Each structure stands twice: as C-alpha cells, then as structure tokens.
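Here the sequence shown stands for residues 1 to 488, numbered as in the numbering used here.
Think of the hints as simulated: they come from the structure by calculation, not from any bench. No experiment lies behind these values; they were computed from the predicted model shown. Ideal Cβ placement from N, Cα and C applies to all residues, glycine included. A couple of the hints might just be wrong.
Pairs of lysine to aspartate or glutamate residues, derived as EDC-like cross-links and limited to a Cα-Cα distance of at most 20 Å, are as follows [stated by the list, open to error]:
(1) Lys305 / Glu383
(2) Lys310 / Glu383
(3) Lys228 / Glu383
(4) Lys310 / Glu186
(5) Lys410 / Glu383
(6) Lys305 / Asp441
(7) Lys446 / Glu415
(8) Lys374 / Asp327
(9) Lys232 / Asp469
(10) Lys273 / Glu415
(11) Lys209 / Glu447
(12) Lys13 / Glu219
(13) Lys273 / Glu125
(14) Lys235 / Glu447
(15) Lys44 / Glu34
(16) Lys486 / Asp345
(17) Lys144 / Glu125
(18) Lys232 / Glu186
(19) Lys310 / Glu183
(20) Lys357 / Asp476
(21) Lys228 / Glu298
(22) Lys310 / Glu298
Here are the in silico distance ranges between beta carbons for each label pair [said to hold, decoys possible]:
(23) Thr330 / Asn401: 38 to 44 Å
(24) Thr147 / Asn391: 47 to 53 Å
(25) Asn400 / Ala423: 32 to 38 Å
(26) Gly92 / Asn172: 26 to 32 Å
(27) Gly278 / Asp363: 37 to 43 Å
(28) Phe384 / Thr425: 21 to 27 Å
(29) Glu183 / Thr147: 14 to 20 Å
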Amino acid sequence: MRGKNMKKELLEKISRQQAILNQAKAAGRVLNAEEEREMGELQKGIEKMKNPEPAGGDDAQRAVEAERQRVGEIADLCREFEMDTAEFIKNGDTVDSVRQAVIEKLKQNGSPLRSSARVSDTGEEAFRQDLFDAILIRTGQSMKNATPEARSFSNMSLRDMAIVCLGRDGENEGGLLRKSNEEILEMVSRRAYNPEAAFPAILDNAVQKSIVKIYEEEETTFQLWTGKGSVKDFKPTKDRQYLIGGSGGFELVLENGELKASKPFTKELPIRKIDTYGTTFSMTRQAFIDDDIGFITEVPAYYAKAAKRKINRQVYEVLYNNGTIYDGKTLFHTDHKNLIATASDPTAKAIQEAILKMKMQKDPFDQAISINPKYIITPVGYEFDLYTIFNSAGMPGTANNDVNPLRNYKMGIIEDAELNALAGTGALPWFMAGGKHIYVDYLNGKEVPTIVRMEKAGVLGFSWDIYLDWGVSVVDFRGLVKNPGKTV
1 MRGKNMKKEL
11 LEKISRQQAI
21 LNQAKAAGRV
31 LNAEEEREMG
41 ELQKGIEKMK
51 NPEPAGGDDA
61 QRAVEAERQR
71 VGEIADLCRE
81 FEMDTAEFIK
91 NGDTVDSVRQ
101 AVIEKLKQNG
111 SPLRSSARVS
121 DTGEEAFRQD
131 LFDAILIRTG
141 QSMKNATPEA
151 RSFSNMSLRD
161 MAIVCLGRDG
171 ENEGGLLRKS
181 NEEILEMVSR
191 RAYNPEAAFP
201 AILDNAVQKS
211 IVKIYEEEET
221 TFQLWTGKGS
231 VKDFKPTKDR
241 QYLIGGSGGF
251 ELVLENGELK
261 ASKPFTKELP
271 IRKIDTYGTT
281 FSMTRQAFID
291 DDIGFITEVP
301 AYYAKAAKRK
311 INRQVYEVLY
321 NNGTIYDGKT
331 LFHTDHKNLI
341 ATASDPTAKA
351 IQEAILKMKM
361 QKDPFDQAIS
371 INPKYIITPV
381 GYEFDLYTIF
391 NSAGMPGTAN
401 NDVNPLRNYK
411 MGIIEDAELN
421 ALAGTGALPW
431 FMAGGKHIYV
441 DYLNGKEVPT
451 IVRMEKAGVL
461 GFSWDIYLDW
471 GVSVVDFRGL
481 VKNPGKTV
C-alpha cells in the first residue's frame, strides 16, 4: 500500500512541475522566483523518492561507501585545482573543508574562476564563444582559432563551467564552490527557460555544432545519384510537368501556310510527401556529476549519423523492394522497359545490355529520348571486377582479348552495403541510373537535423529533441534499369 501511495505522490509532484512549466510557456515568460523555488522543492522531493535512503543494513558497509565517496570527491577537487590530495585524505578532512582550502588558494593566487570576468571586455557573446570552444576542445576537436581564454576554460570540468556561468548570472562564486555537483546541476537546470542564462545556451551550441559536423561527414552514397528537393509543408504535393509531343511538336509550315495551333497538356508526376523522424535524449544527472563531457557531442552525433543512414537505407529500399509507383505499376516492370530479363552478375556483356536498354527509352508519346547512363549501383563485392571492366584495354573473358568498348566509359561506380543487407542470402540485384530520377525532399530544403532543448518534468538535467523532415520519391522510371542479379 505504501508503494502505491509513494508512486501516486511522485506522479503528483511531476504533474505539478509540468503545470508550472506549461503556465510559464503559455505566458511567454521565464520562471519567476517563486516558481523556481517551488520547482526546486518539487525536484528535491522527486529525487528523494527515486533514490530513497537505505533502511537499516550494515553500518560498516555504509561507512566504507561514505569514505569512498569522500576520497573520490576530494580527489576530483584537488585534480581540478592542482592540489595534493594526500594530506587532506590522511587528516580526515571533509569535502567542505577541502572546498574552503581551494577558495583560500584561489584568493592567494588569483581565482581562475573570477579571471573569466576579463573576457567580458569583449562582451557576453565572446565569453560564451570561449566556453563553447572550450567544450569542443575537451571533446577532442582542434579549434585552431580558439583564444587563450578558451584554452584556459578547457581545463575545467562541467561543474566549473556551470559555476562560471552562474557567477556571471549574479551568483556568488565562493558560495557556489561549497555546493555539491547535484546542487549546481539543479541551479543551472532551473535557469534552462531563461534566454539570458549562459550555461544552457552554450550546451545548445555545442550539441548543434556536433550534429552539423558529424552529419556532413557521415559517409553515405544516396546523395551521389539522387536529387535533393524542397517542400514547404507536410501536405502531399502533386508535381506537374508540361509535355508536348505527337501532333503537338513543331510542324512544317509551307509557303503562305498557317501555323497550326497545338495545346500542351499536363501529366501528373508522383505525389511527393515528407514525414518527421526523430527522438529525444537527455544529459542526465549522472553524466553531469561524472563530468561526461563526451556526452555533449557523442550522443547527439550518434543520432545525427542515424538520421543520415536511415535516409540512405530508405533510398536503397526503393530500389530493392521495387514497390508500386505513381502509374500503378512497380518501379521496375516489363511495361517500363527497365527490367533485364536474364539475371546475372555485372559482367561486361550485362552492363552493355543495361546501357542499351536505358538508351532505348521513349517518352509518353512513344518518341525517342536521350538518357545517358551515369552510374552503376551495386552491392559490395563487385568493385574490383568493375574496375577491370572499365579500365582494361582488352575485353575481359574473351579468347582473343578483343578490344574493350567499355574502357574509359564515363560511368560512376557506386557500391553500398545496404543492398547486401537487404538481400541477405538471396540474389544481389544491381542497377543503373541515368541522372536524378529519385528525389529526397526536405522541409524547406533543411537537410541537417534540428535540435531543440526541451524541459521535462521530473527530470533533473537537460533534454533535447532531435528531428528531421524528409521523404523519398520516384519521379521517373525511365532513367533507372535493374538486373535481378545472382545469388552469391
């Protein structure tokens, strides 16, 4: 019964926190002093209920754990401020007394925390940039243009950086040094809704920087042979294309003859539609206390990579799954004249057959059009054979070493393991593309994930939503050819 009551009380506290946040959001303002106080009290109650004190148990074990925590915190403090730990531990000093010793040392030598005020000579923006650069330096990035102040900040822990920011927000830095890591996290978390608060904004910038860089560097192949489109909203978009052909073409005009009227008609191309994909992640209390600086860049970078890989997978699923497209037929279909009947590996003979099939395509009026193959798209495993086919002077496999017509043929070779993964133990199909006939559309052309910090009731720390809006569409079947391939 007691467990049920505790769960109910926990939910009530979280609901109350959410109500406070919603009220501030609705009013378009930050939390006032009374709301911050109540949020803090509620959070303390929530953390206490989530991590209750152990009842009873072995006193000796608790003593060992307490001593281990004391030694660990003293070691962290001394390491951060280059002080010897041995005497403090040997004398049985408390963590608070060690913090006081740190303060005294800073007063004597000039506090590195208060020295950050010198950065304000160039303004708050410069200070935030320096701290932002410091975080990236700590995560292993070179930051060649970082200032000396930024490199000094890079020696700080997340706790120290938070203290510097709180000091600039008006808090007493000496008093902040006496506070525990959890208390510091609680203070900066309560300021998350304040647009003038430095620490949350700096974390946002570091997270955003990491996802842009990693997203751009993630190696995928879909962008090499697909088009990039932009749509303005989530409504299905019907593209239209004006077509002129048959009797609508240019006609011979005899002497004193009249120009004949023709009327172009429109043909509906496929419906192009985008969807939203995303997730949420949090910098937890544990990550802050453990000074897990890598979390700030590594975790969001992982999700950025996952987004780009998912787009890549969806594009190759369009090829492999051969689904129904805008005309009610499968993408590769005998009526589309883009499906090779005889399955084979990408040999010289099979490649020539695919090239000719694409070049023989006709428009909707049954008139010849010009589509030149630009890419051969294969599963992993054919790279070296294809290099030989496109670079050998003689035709590979022929008895008389005949002249190779494919030598130096302008054809980009694209291999992607997604096709291997989709095929499993089945046949490995390969394809040919003659341009941008599959499009990846993005909302307003934005192809890098958006990341937004969101406050979540009952969570001590920072949470971010990361999402991206995209869709994959086939715009024309004529520039694509498929060979079903053989089972390896």
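Hints versus structure:
no., hint, in the structure
1, Lys305 / Glu383, "violated (25 Å)"
2, Lys310 / Glu383, "violated (24 Å)"
3, Lys228 / Glu383, "violated (26 Å)"
4, Lys310 / Glu186, "violated (36 Å)"
5, Lys410 / Glu383, "holds (16 Å)"
6, Lys305 / Asp441, "holds (18 Å)"
7, Lys446 / Glu415, "violated (26 Å)"
8, Lys374 / Asp327, "violated (25 Å)"
9, Lys232 / Asp469, "holds (11 Å)"
10, Lys273 / Glu415, "violated (27 Å)"
11, Lys209 / Glu447, "holds (15 Å)"
12, Lys13 / Glu219, "violated (45 Å)"
13, Lys273 / Glu125, "violated (40 Å)"
14, Lys235 / Glu447, "holds (18 Å)"
15, Lys44 / Glu34, "holds (16 Å)"
16, Lys486 / Asp345, "holds (6 Å)"
17, Lys144 / Glu125, "holds (19 Å)"
18, Lys232 / Glu186, "violated (40 Å)"
19, Lys310 / Glu183, "violated (40 Å)"
20, Lys357 / Asp476, "holds (15 Å)"
21, Lys228 / Glu298, "violated (27 Å)"
22, Lys310 / Glu298, "holds (18 Å)"
23, Thr330 / Asn401: 38 to 44 Å, "holds (40 Å)"
24, Thr147 / Asn391: 47 to 53 Å, "holds (51 Å)"
25, Asn400 / Ala423: 32 to 38 Å, "holds (35 Å)"
26, Gly92 / Asn172: 26 to 32 Å, "holds (28 Å)"
27, Gly278 / Asp363: 37 to 43 Å, "holds (40 Å)"
28, Phe384 / Thr425: 21 to 27 Å, "holds (22 Å)"
29, Glu183 / Thr147: 14 to 20 Å, "violated (30 Å)"
The structure fails to meet hints 1, 2, 3, 4, 7, 8, 10, 12, 13, 18, 19, 21, 29 from the earlier list, while all remaining hints are met.
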